[in-house]
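Visitor: Chains as they are written, first to last, in UniProt numbering: chain A, 1 to 452; chain B, 1 to 303.
Relax, there's no trap hidden among the hints.
Which chain B residues face chain A? A few, computed with CB under 8 Å, are given here: (1) Arg-25; (2) Lys-29; (3) Lys-32; (4) Ala-43.
Not close to chain B: a few residues of chain A, all C-beta gaps over 12 Å, as computed: (5) Ser-80; (6) Arg-153; (7) Val-159; (8) Lys-422.
Rather than coming from a laboratory, the hints here were simulated on the basis of the structure.
Cβ atoms here follow ideal geometry from the backbone N, Cα and C, with glycine treated the same way.
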Amino acid sequence: MLKYTFKGVGGGNDFQWCFSQVKGAIDEDVAEADIISTVEFNYSGELLATGDKGGRVVIFQREQESKNRPHSRGEYNVYSTFQSHEPEFDYLKSLEIEEKINKIRWLPQQNAAHSLLSTNDKTIKLWKISQRDKRAEGYNLKDEDGRLRDPFRITSLRVPVLLPMDRMVEASPRRIFANAHTYHINSISVNSDHETYLSADDLRVNLWHLEITDRSFNIVDIKPANMEELTEVITAAECHPHQCNVFVYSSSKGTIRLCDMRAAALCDRQSKFFEEPEDPSSRSFFSEIISSISDVKFSHSGRYMMTRDYLSVKVWDLNMENRPVETYQVHEYLRSKLCSLYENDCIFDKFECCWNGADSAIMTGSYNNFFRMFDRNTRRDVTLEASRENSKPRAILKARKVSTGGKRKKDEISVDSLDFNKKILHTAWHPKENVIAVAATNNLYIFQDKIN
Amino acid sequence: MEFKVEAHRIMSISLGKIYNSRVQRGGIKLHKNLLVSLVLRSARQVYLSDYYGGICLSAQQAREWCEGEYMASKQGKLVPGSTESLSESDEQSEVAVDKQEPRDVVESPAGLHVETQASGEQDSAENGVSDSGCSDIKTPEESPEATQTCEVASVVTAISSNCISAPSPSDPKEETETPTDCQTDNSESAEKHSYEPKAPQAYTNRKRTADDSELTDSPTKRTKLTSTSLPSTNDENKGETEEMDTSNVSSLITIFGSSFSGLLSNKEGEQPDSEAEDSDSGQICCDQMLKNLNPWSTAIVAF
Numbered sequence: 001m002l003k004y005t006f007k008g009v010g011g012g013n014d015f016q017w018c019f020s021q022v023k024g025a026i027d028e029d030v031a032e033a034d035i036i037s038t039v040e041f042n043y044s045g046e047l048l049a050t051g052d053k054g055g056r057v058v059i060f061q062r063e064q065e066s067k068n069r070p071h072s073r074g075e076y077n078v079y080s081t082f083q084s085h086e087p088e089f090d091y092l093k094s095l096e097i098e099e100k101i102n103k104i105r106w107l108p109q110q111n112a113a114h115s116l117l118s119t120n121d122k123t124i125k126l127w128k129i130s131q132r133d134k135r136a137e138g139y140n141l142k143d144e145d146g147r148l149r150d151p152f153r154i155t156s157l158r159v160p161v162l163l164p165m166d167r168m169v170e171a172s173p174r175r176i177f178a179n180a181h182t183y184h185i186n187s188i189s190v191n192s193d194h195e196t197y198l199s200a201d202d203l204r205v206n207l208w209h210l211e212i213t214d215r216s217f218n219i220v221d222i223k224p225a226n227m228e229e230l231t232e233v234i235t236a237a238e239c240h241p242h243q244c245n246v247f248v249y250s251s252s253k254g255t256i257r258l259c260d261m262r263a264a265a266l267c268d269r270q271s272k273f274f275e276e277p278e279d280p281s282s283r284s285f286f287s288e289i290i291s292s293i294s295d296v297k298f299s300h301s302g303r304y305m306m307t308r309d310y311l312s313v314k315v316w317d318l319n320m321e322n323r324p325v326e327t328y329q330v331h332e333y334l335r336s337k338l339c340s341l342y343e344n345d346c347i348f349d350k351f352e353c354c355w356n357g358a359d360s361a362i363m364t365g366s367y368n369n370f371f372r373m374f375d376r377n378t379r380r381d382v383t384l385e386a387s388r389e390n391s392k393p394r395a396i397l398k399a400r401k402v403s404t405g406g407k408r409k410k411d412e413i414s415v416d417s418l419d420f421n422k423k424i425l426h427t428a429w430h431p432k433e434n435v436i437a438v439a440a441t442n443n444l445y446i447f448q449d450k451i452n
Numbered sequence: 001m002e003f004k005v006e007a008h009r010i011m012s013i014s015l016g017k018i019y020n021s022r023v024q025r026g027g028i029k030l031h032k033n034l035l036v037s038l039v040l041r042s043a044r045q046v047y048l049s050d051y052y053g054g055i056c057l058s059a060q061q062a063r064e065w066c067e068g069e070y071m072a073s074k075q076g077k078l079v080p081g082s083t084e085s086l087s088e089s090d091e092q093s094e095v096a097v098d099k100q101e102p103r104d105v106v107e108s109p110a111g112l113h114v115e116t117q118a119s120g121e122q123d124s125a126e127n128g129v130s131d132s133g134c135s136d137i138k139t140p141e142e143s144p145e146a147t148q149t150c151e152v153a154s155v156v157t158a159i160s161s162n163c164i165s166a167p168s169p170s171d172p173k174e175e176t177e178t179p180t181d182c183q184t185d186n187s188e189s190a191e192k193h194s195y196e197p198k199a200p201q202a203y204t205n206r207k208r209t210a211d212d213s214e215l216t217d218s219p220t221k222r223t224k225l226t227s228t229s230l231p232s233t234n235d236e237n238k239g240e241t242e243e244m245d246t247s248n249v250s251s252l253i254t255i256f257g258s259s260f261s262g263l264l265s266n267k268e269g270e271q272p273d274s275e276a277e278d279s280d281s282g283q284i285c286c287d288q289m290l291k292n293l294n295p296w297s298t299a300i301v302a303f
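Whenever a hint applies, use it, and build me the whole structure from the sequences.
Guide: Next comes the structure, spelled out in structure tokens:
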């Protein structure tokens, strides 16, 4: 029986989620450019990056835990903001290329600077974010303001000293990977070799070297010779977290293909094919749409992968291709509303999903600013809401419930009252701790576990 | 019957989405359009299967045989063929067909020619076409015609993709700048699909004429939609836009049967090629079109 309390999800029995912060404008009028389109923690969890429809990237950094306030974990504050992509125009095809950031993926940190890949529909960029918080003073050959000193005036030598200065963070585009995709890029994924990464559009997957921008290897091409024969497109792709020769890509038909790059230069023939047979009893006009996979994510262990389609999340064991090992219903109550959701285009929403660091829980978004968490061990699930009303510091999040039957209990919300404009498509889970970032349109909510 | 109404509604919504995708920022989204086209197909199957449950099979077969003969003699001009074979069908269906034809003939002679090929391609991709209770159509077609239809098929692709990529194409000259892409596609499709488009085309036309007889109330809808959806008011552009759109109108009519005659104006047509657009061949092959214009006008004259 589903309990209203959400204890146990994501952690131990005493686990509870609390509000920590919210970023973004409170204004009711949402500017389209401010809508968050991707959220990603870096490898350590110290940095949290968001991309928006206006082509901007905002990076938050976690403050060091303060001894003065032991009960509040480090807060995330703005570290850097920059314009990653600008709108472009393809003159040959008379098409506008949106500046919306589709995905951000962090690169492993190799020195003091941080690097990330950000992509819009056509171009991937590698950004290096570096900070300076010290400056040297006391040069011999130049003044403090930089002017060269007259050599004859120099009578003594001194050693320059490093003095602290206001932290200055600058982001610079180090690589631009362009002109490799005819169709809209939907995924990028950094390989575990830390040298290569893949990018996927509707029909092709390309493999890049991080240092080389003028060419890439095409490793998957599902474009039919005759476009009229097109039946499926690639919807997401990801590299295996440990095996640098393995990657997966999902399709609009609800299938996942796992490929081994050692097998052939062009991985059109998959090594493994994951597909769950369709339940004929649930067939409708929209069966194909709702089976289209919107996101695929490997578990941190590399043993499982998770896929998100419109109504459910499925966990697959890489060793079993014929069906998922776990299926979680996200919002099954929408199944009877598919026609309306088709009319208002909501059925095309692409929800993402994510694992927690331990691979014991998964999270995904829904409508009405609800997001769902599933504990794989206890099989408990919870629905939480990201809203300004629950935005008091350290306020414990209350479990929400959508009533499906005729009777609506107190505190429940009926399906027809759901706000389908408030959708949570992008969520991220800190790689090591119980800290989650939830993007609700133009606001970014950060929730943490309550410290007992 | 409820299914039919629902299916019809879903079809019109889907067509609206395909049309709107033309003007969306960022270009046409292949994935979304593919999904919409799948829904469109499912809805159409339901809609038509309902209808064909009660149709007399023998009448259909006779009609299609006439079409096949005509096709053999006229280089695959299916529409004229279907018109000719309407001797036994209602006047209404003739009227419905003719309503479109003169308009198409005047503005886009290649359009109708092209449409039949497009319908063939579309049908060849569909599974449910032959499931609606009618026997398989295997009319004896000659391969040379089939090859030609394939050529035109890729022209349809090019035309529609041009429509999608440049809603108001203003200058045919521009389009001839990149003929290479189209040509490549032409040869590919010609090689691979010599036989497929033919049989389904006949079938589609049969369905179309049959449905024409039913839906004569649609003209009003069509007129209304036409006036609202023409984007360009410039006379020069309008002529060309209309030409593009009409050809697409015709192509989609053939593809989906005249149950769409009320819905279609300039909205559809992207559908068969929404998958083909924003691909490498985003430009029209004027050369190809011009080649096909001549045989078509000959056919018209013959009529």
